Amino acid sequence: MTIAFLFVALFVLMFIGIPVAISLGLSGAMTILFFSNDSVRSLAIKLFETSEHYTLLAIPFFLLSGAFMTSGGVARRLIDFANACVGHIKGGLAIAAILACMLFAALSGSSPATVAAVGSIVIAGMVRSGYKQDFAAGIVCNAGTLGILIPPSIVMVVYATATETSVGKLFMAGVVPGLLLGLVLMVTIYIMARVKNMPALPRASFKEIMTAGRKAGWGLMLIVIILGGIYSGMFTPTEAAAVAAVYAAFVAIFVYKDMTVRECPKVIIEAGKLSVVLMFIIANAMLFAHVLTTEQIPQSITAWVVEQGFTPVEFLLVVNIVLLVAGTFMEPSAIILILAPILFPIAMQLGIDPIHLGIIMVVNMEIGLITPPTGLNLFVTSAVTGMPLTRVVRAVSPWLLVMLAFLVLVTYVPFVSLALPNWLGM
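Note that UniProt numbering has the sequence shown beginning at 1, numbered continuously upward.
Be a bit skeptical, because a hint or two may be false.
[To be verified] Listed below are the simulated BS3-like cross-link pairs for lysine-lysine, each with C-alpha atoms no more than 25 Å apart in a straight line:
1. Lys273 / Lys46
2. Lys257 / Lys90
3. Lys207 / Lys257
4. Lys90 / Lys207
5. Lys257 / Lys215
6. Lys90 / Lys132
7. Lys132 / Lys196
[Claimed, not checked] For each label pair, taking beta carbons as the anchor points, the in silico distance ranges come out as:
8. Ile16 / Glu164: 41 to 49 Å
9. Val306 / Val8: 20 to 28 Å
10. Leu33 / Thr260: 47 to 55 Å
11. Glu164 / Lys132: 44 to 52 Å
12. Met30 / Lys196: 17 to 25 Å
13. Leu317 / Leu183: 20 to 28 Å
14. Val184 / Met221: 48 to 56 Å
15. Leu179 / His53: 40 to 48 Å
16. Leu183 / Phe35: 45 to 53 Å
17. Asn197 / Met221: 35 to 43 Å
18. Glu307 / Ile191: 12 to 20 Å
Read the hints as simulated data drawn from the structure, not as lab findings. Nothing here was measured: the structure is a model prediction, and the numbers come from that model. For every residue, glycine included, the Cβ atom is placed at its ideal position computed from N, Cα and C.
Required output: the full structure, derived from the provided sequences and hints.
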């Protein structure tokens with residue numbers, strides 16, 4: 001009865017138009033009021049605990065770092081570097097767009113930020129070079145999802161918080177899948193380019209490649225600082241996020257000089273707004289997860305799944321279906337915080353690695369970001385290009401098949417996610 005009321009209340013509140021974050025908090029509060037022996041004061045305590053969660057502190061810092069990188073011209077230099085490297089290949093500008101998204105993903109930790117930063121420059125350039133706008137928008141919207149798969153990733157930080165797993169290990173586990181997905185998208189574009197005879201840029205000389213690399217070097221160095229600092233033990237992921245924010249500000253203001261000190265407050269306020277929205281969703285989702293835990297709901301579901309005799313293969317199939325459906329109407333962080341506490345103990349019982357489960361959930365969230373009606377990347381792409389949302393959805397649709405095929409690979413070949421962490425002895 002408690003389980004039914006909790007989830008029915010959540011879906012009814014969302015259906016009548018109440019924002020997801022408030023729906024999560026209200027449904028949890030009502031469940032405690034009507035069905036639980038727990039005190040409503042426990043919700044206030046949980047909110048306070050969420051606000052002081054050390055791991056979550058990485059999120060506003062990564063958002064701030066991404067804001068400085070986006071405003072400070074780093075994205076443009078990364079795109080120039082990508083064009084110099086692969087622009088001469090058939091469909092090279094499209095392949096360069098994928099490479100630029102991969103590079104920016106390794107700086108920002110956010111998919112919408114990746115789409116906004118790269119898309120605002122690349123899509124117009126591709127159209128001028130003879131590509132159809134729909135094709136260009138579809139590529140960037142899809143490749144932008146790499147922002148949450150290639151480390152650092154805000155969604156991975158949220159999963160680590162919800163399941164108390166290692167952020168560093170999750171980051172490492174995302175490297176190979178992220179690079180592999182980028183490669184798959186590039187190969188797909190190359191094949192299409194050969195068939196459709198898409199344009200290519202003139203081949204850049206070695207000197208031009210080195211010049212573009214030198215200009216983008218300050219941005220690329222941030223990848224080394226974040227990942228190198230974490231895995232050398234120099235600082236924690238949260239400290240790495242803080243260092244990244246300071247470094248990004250320094251590069252944007254004093255090295256590239258694309259923005260002035262006077263413009264800093266505006267960038268900080270924009271990052272702050274994003275942080276408040278995301279942290280409000282996370283706080284309410286943590287309340288919802290608290291109710292789940294208090295009422296022993298994950299344990300009940302785990303016992304039921306074990307009784308049904310599900311194999312790991314069958315369980316992961318169900319997980320993917322549930323996550324794909326949830327991804328169509330909810331924000332990734334909220335989905336992770338609601339479902340991770342339920343799925344995590346079942347996965348442990350069935351012998352599924354928690355890091356592998358985390359990567360599966362992140363890839364599902366990637367697909368959710370480009371799935372209507374609430375896919376955030378769709379709205380960002382529409383805003384960047386001026387295209388109607390329905391046209392963006394049509395442009396992205398063919399790429400969903402690639403993403404679904406990749407999801408199957410990641411789900412049933414754990415080696416893809418676990419090879420690098422295991423090789424590093426993590």
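Here's how the hints hold up against the structure:
1. Lys273 / Lys46: Roughly 22 Å separates the two Cα atoms, so the pair holds.
2. Lys257 / Lys90: Between Lys257 and Lys90 the Cα gap is close to 34 Å, so the pair fails against 25 Å, i.e. violated.
3. Lys207 / Lys257: 24 Å, holds
4. Lys90 / Lys207: The given pair, whose Cα atoms are some 21 Å apart, holds under the 25 Å limit.
5. Lys257 / Lys215: 12 Å, holds
6. Lys90 / Lys132: The given pair, whose Cα atoms are some 15 Å apart, holds under the 25 Å limit.
7. Lys132 / Lys196: 12 Å, holds
8. Ile16 / Glu164: 41 to 49 Å: 34 Å, violated
9. Val306 / Val8: 20 to 28 Å: Hint holds: Cβ distance 25 Å, inside 20 to 28 Å.
10. Leu33 / Thr260: 47 to 55 Å: This hint holds: roughly 52 Å between Cβ atoms.
11. Glu164 / Lys132: 44 to 52 Å: 47 Å, holds
12. Met30 / Lys196: 17 to 25 Å: Because 55 Å falls outside the window, the suggested range is violated.
13. Leu317 / Leu183: 20 to 28 Å: About 26 Å separates the Cβ atoms of Leu317 and Leu183, which means 20 to 28 Å holds.
14. Val184 / Met221: 48 to 56 Å: 27 Å, violated
15. Leu179 / His53: 40 to 48 Å: 30 Å, violated
16. Leu183 / Phe35: 45 to 53 Å: 50 Å, holds
17. Asn197 / Met221: 35 to 43 Å: Distance hint for Asn197, Met221 holds at roughly 38 Å.
18. Glu307 / Ile191: 12 to 20 Å: 47 Å, violated
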